[in-house]
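Number of protein chains: 6
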Amino acid sequence: SKVHENGLACKDPAAVVAEDFHFGGLDKPGGTTSKRFGFTANQVQIPGLNTLGESHVRLDVAPGGVFPVHYHPRAAETALVLEGSVYFGFVSSYPDNKLYAKVLRKGDVFAVPQGLVHFLHNNGTTPATLYASLSSQNPGLVLLGNSLFAGALPDDLVAKTLLTDQHTVQTIKANFRRS
Amino acid sequence: SKVHENGLACKDPAAVVAEDFHFGGLDKPGGTTSKRFGFTANQVQIPGLNTLGESHVRLDVAPGGVFPVHYHPRAAETALVLEGSVYFGFVSSYPDNKLYAKVLRKGDVFAVPQGLVHFLHNNGTTPATLYASLSSQNPGLVLLGNSLFAGALPDDLVAKTLLTDQHTVQTIKANFRRS
Amino acid sequence: SKVHENGLACKDPAAVVAEDFHFGGLDKPGGTTSKRFGFTANQVQIPGLNTLGESHVRLDVAPGGVFPVHYHPRAAETALVLEGSVYFGFVSSYPDNKLYAKVLRKGDVFAVPQGLVHFLHNNGTTPATLYASLSSQNPGLVLLGNSLFAGALPDDLVAKTLLTDQHTVQTIKANFRRS
Amino acid sequence: SKVHENGLACKDPAAVVAEDFHFGGLDKPGGTTSKRFGFTANQVQIPGLNTLGESHVRLDVAPGGVFPVHYHPRAAETALVLEGSVYFGFVSSYPDNKLYAKVLRKGDVFAVPQGLVHFLHNNGTTPATLYASLSSQNPGLVLLGNSLFAGALPDDLVAKTLLTDQHTVQTIKANFRRS
Amino acid sequence: SKVHENGLACKDPAAVVAEDFHFGGLDKPGGTTSKRFGFTANQVQIPGLNTLGESHVRLDVAPGGVFPVHYHPRAAETALVLEGSVYFGFVSSYPDNKLYAKVLRKGDVFAVPQGLVHFLHNNGTTPATLYASLSSQNPGLVLLGNSLFAGALPDDLVAKTLLTDQHTVQTIKANFRRS
Amino acid sequence: SKVHENGLACKDPAAVVAEDFHFGGLDKPGGTTSKRFGFTANQVQIPGLNTLGESHVRLDVAPGGVFPVHYHPRAAETALVLEGSVYFGFVSSYPDNKLYAKVLRKGDVFAVPQGLVHFLHNNGTTPATLYASLSSQNPGLVLLGNSLFAGALPDDLVAKTLLTDQHTVQTIKANFRRS
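Chains as they are written, first to last, in the UniProt record's numbering: chain Z, 1 to 179; chain A, 1 to 179; chain V, 1 to 179; chain Y, 1 to 179; chain U, 1 to 179; chain S, 1 to 179.
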């Protein structure tokens with residue numbers, strides 16, 4: 001569409017079919033793979049969820065892999081562990097920066113309030129699989145590392161934010177530039 | 001609390017711990033069993049989800065069992081099939097009453113818009129397991145059959161609603177009274 | 001419009017006139033008549049109510065007629081009796097299915113929380129007239145009987161939902177097929 | 001309650017009865033009478049409407065009477081004329097101050113967008129009765145005249161707001177002080 | 001755009017640049033000047049604020065000048081005094097019409113709840129400058145004087161609203177017609 | 001109060017006075033000083049803003065100082081430069097991490113969408129002063145550096161998030177432990 005609104009346009013109601021509410025293949029990993037972090041993300045894509053305030057993703061994390069420290073600007077999240085075990089949690093806001101975390105095993109569910117920093121780390125020896133539900137059809141995603149080191153933030157600003165020197169910042173930035 | 005508000009009161013923030021965001025045991029059936037309909041519902045109970053706009057439940061449905069025709073007055077729903085196969089769908093509102101449904105297998109996800117009538121029927125030969133996410137911490141649940149026949153609605157009103165006679169209504173009501 | 005959004009598009013503000021906020025003829029029955037149920041519905045149609053969170057309808061119910069058991073997926077409702085007398089009420093959600101109902105007479109007002117099952121039955125001997133206000137410009141309407149019997153829900157699913165047999169379901173479906 | 005929140009506290013759900021959703025007597029004038037303006041307001045009082053986003057009032061206006069120019073800070077309004085005839089309308093916001101108005105007769109409905117200035121004037125010879133629905137359980141009411149002249153706004157400020165002199169302001173204020 | 005929605009359409013995300021989030025020149029008066037009331041309003045215009053729930057304006061008020069009694073139908077407001085001194089406040093709703101006001105000096109901040117009538121009056125001898133923040137990207141503005149006297153409200157209605165005579169109304173209207 | 005709800009309780013309306021809507025002293029720096037980052041934050045504290053969807057803060061940043069890279073989980077922000085000059089901007093979400101930034105001078109205003117990472121850096125030679133408005137009375141604050149290094153996140157997780165080694169993480173953590 002040539003008209004942009006806040007969120008996606010809807011499909012013509014007269015043309016809607018059952019398939020517009022369906023997505024398949026969540027029983028297997030799929031979608032985007034991050035070798036760098038060791039995860040694969042299989043994003044549920046259901047046109048009919050537009051305006052319904054939900055979205056979902058399957059995550060597969062290799063042993064030693066992480067879904068790195070991140071947050072969703074417009075959603076809370078609840079994750080269910082389907083296989084394996086992960087260290088999962090969130091950090092409260094400034095100035096407490098308090099950690100609420102737990103090793104989750106198959107059948108565990110953990111909730112993260114809207115907009116708070118969270119993560120998962122597979123520090124076991126077998127692959128882990130999770131199914132995460134977010135409370136918006138447009139939750140957004142900010143990876144703290146990528147935000148600081150993969151974009152165009154000036155070195156001096158990042159150094160001051162992290163109480164470190166620009167050389168350290170440049171070294172890490174170089175790592176983010178490598179595939 | 002002696003003070004009632006719309007929704008639940010919150011816990012004292014100073015006393016909140018990681019366990020307030022955790023629920024375990026979703027890898028097994030549990031919770032409430034309905035022999036009548038052939039399902040078991042394991043409701044995720046996480047105090048920290050209060051105000052976050054999400055809730056979750058595991059459903060196990062025996063071969064031949066149903067989660068009968070129902071709706072949630074205050075939530076959309078998205079269901080993931082973890083095991084087995086179910087016939088799953090929803091009905092659009094009056095006057096179309098159009099059916100949007102599909103046989104779902106392991107790894108399939110299906111979405112239901114807020115407040116619409118939906119159902120699942122395990123018409124296979126093995127147990128089916130689903131994980132459903134709802135877009136409210138207080139979604140509510142109305143079973144159409146129970147609403148019509150298990151409460152105190154007058155027979156004549158139900159008969160007129162269903163274009164049937166009072167004898168039929170009384171016969172069905174008797175079935176709802178049997179455990 | 002060729003662009004579909006959640007809700008209706010707006011009129012060009014420069015072209016808006018007083019008539020866009022007006023609807024007439026609510027002093028008489030009108031609109032859609034259901035011989036089957038014995039009611040006539042005169043829906044207030046005001047373009048200017050788009051986005052304002054309200055809609056309104058006049059209902060006329062013949063002696064013995066009903067507005068059958070139904071709900072609005074996206075609205076609460078408040079009804080005022082203008083003439084006659086009706087038995088009016090709603091049913092709370094599962095598992096209570098508790099009935100909150102009352103015989104209303106001229107000048108009585110009764111409220112129904114969002115999304116709950118409700119009804120009205122004119123069990124008097126004179127016509128009844130109501131004016132109902134709903135808390136959404138797009139409240140939706142689901143008739144429980146039509147949802148179960150007038151659409152394409154499979155007989156076995158409906159039978160299991162109602163704890164009855166498929167023959168009974170087919171008999172009622174046949175009644176819904178008759179005009 | 002000793003705990004104040006934004007809006008009213010709820011009743012204990014276990015103690016709720018049908019009467020909590022009912023109000024009677026709207027078939028007759030009642031409630032508060034304003035001799036000054038020539039209207040009587042019968043406010044629908046239904047505890048169960050708390051949090052439901054609706055409120056309602058019956059207005060009776062004598063020939064020559066007005067419900068003076070006013071607005072509701074937190075609600076849109078839709079009014080139905082039950083008896084008689086009134087000149088009814090609203091004024092758009094600055095800088096247009098455009099009038100959208102119409103003589104309404106029995107059976108006419110007119111809508112007012114949230115927060116806009118509106119009024120009704122019975123310039124006929126028989127009493128008029130309206131039923132107004134507002135899109136909030138706590139709509140608020142500001143009468144422009146009373147706000148300017150019945151409170152403690154300084155004379156010089158009011159005079160400058162109205163492009164008039166303080167003597168005129170004091171004269172009108174004196175009228176508001178008289179019962 | 002030829003498609004009208006509630007609020008403004010968005011810019012194509014791919015074409016968004018930093019300048020879409022910037023507005024300059026708030027260190028000087030500017031924008032619209034009202035000689036009549038003695039103020040200049042410099043409205044912050046930032047396309048990127050669309051949907052973000054904020055808007056801002058700089059106000060410069062000459063000695064003796066006012067921003068006349070007014071309200072915003074869709075926003076709360078908080079004002080910061082940057083220079084000079086003003087008498088600032090709001091009036092609660094009917095029937096109290098209670099004045100909450102204060103002489104503000106440089107560095108003072110004062111808040112006005114959504115939709116309530118408020119004002120500022122520079123009754124000092126030096127110009128005053130304020131920076132006001134409103135809680136909507138589309139707050140609306142209604143000046144009580146202009147609403148009553150600068151539009152097409154009938155004289156008799158205004159006279160009855162203000163408990164005065166039509167001659168007084170006509171005299172004030174004439175003042176509003178003069179530039 | 002012993003009852004915890006989402007947000008703060010309200011004051012008894014009968015006891016509310018004008019001072020409940022006022023805060024003074026924003027013409028001078030004040031409040032909390034961070035020597036580490038080189039800023040002072042003077043948070044506007046107005047009880048009457050509760051539920052109104054706004055909050056405000058004055059920031060003073062020394063030459064070379066930063067308000068380090070951060071975000072607000074529940075608010076958009078608009079900042080006005082009152083004195084001096086700052087490099088100000090935000091980073092879009094993953095995977096773009098696109099920088100929208102600009103050197104702002106006195107009288108410049110810049111907006112940040114809800115929940116996005118932003119910052120300011122005084123890379124001039126004179127102190128800078130800003131007045132920031134946020135679109136929530138409870139916006140929250142997360143400093144990316146403090147979230148990663150000042151709380152209890154495990155070293156290995158932070159190292160993997162930042163594509164660096166644990167020694168670097170420990171070195172930075174040590175800097176955050178020093179006052």
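The set of hints was computed from the structure by calculation and includes no laboratory data.
Remember, predicted model here, so these are calculated numbers, not experimental data.
Check before you lean on any hint, since a few could be wrong.
To be verified - Have a look at the derived ranges for each label pair, beta carbon to beta carbon:
1. Asp20(Z) - Ser34(Y): 54 to 64 Å
2. Lys98(S) - Pro47(V): 33 to 43 Å
3. Thr125(A) - Asn6(V): 53 to 63 Å
4. Pro95(Y) - Thr33(Z): 20 to 30 Å
Said to hold, decoys possible - To list a few chain Z residues with every Cβ distance to chain A over 10 Å, as calculated:
5. Glu5
6. Ser135
7. Gln166
Stated by the list, open to error - Subject to a maximum C-alpha distance of 27 Å in a straight line, what follows is the list of computed DSS-like cross-link-like pairs (lysine-lysine):
8. Lys28(Y) - Lys106(V)
9. Lys106(Y) - Lys173(Y)
10. Lys173(S) - Lys35(S)
11. Lys106(S) - Lys28(U)
12. Lys102(V) - Lys35(V)
13. Lys98(Z) - Lys102(S)
14. Lys102(Z) - Lys28(A)
15. Lys28(U) - Lys102(U)
16. Lys28(Z) - Lys173(A)
17. Lys106(Y) - Lys28(V)
18. Lys102(Y) - Lys28(Y)
19. Lys173(Z) - Lys106(Z)
20. Lys173(V) - Lys173(A)
21. Lys28(S) - Lys106(S)
Each residue gets a CB set at the ideal place from its N, CA and C atoms; glycine is no exception.
Of the numbered hints stated earlier in the document, which are not met by this structure? Failing hints, ascending: 3, 4, 6, 9, 13, 16 and 19.
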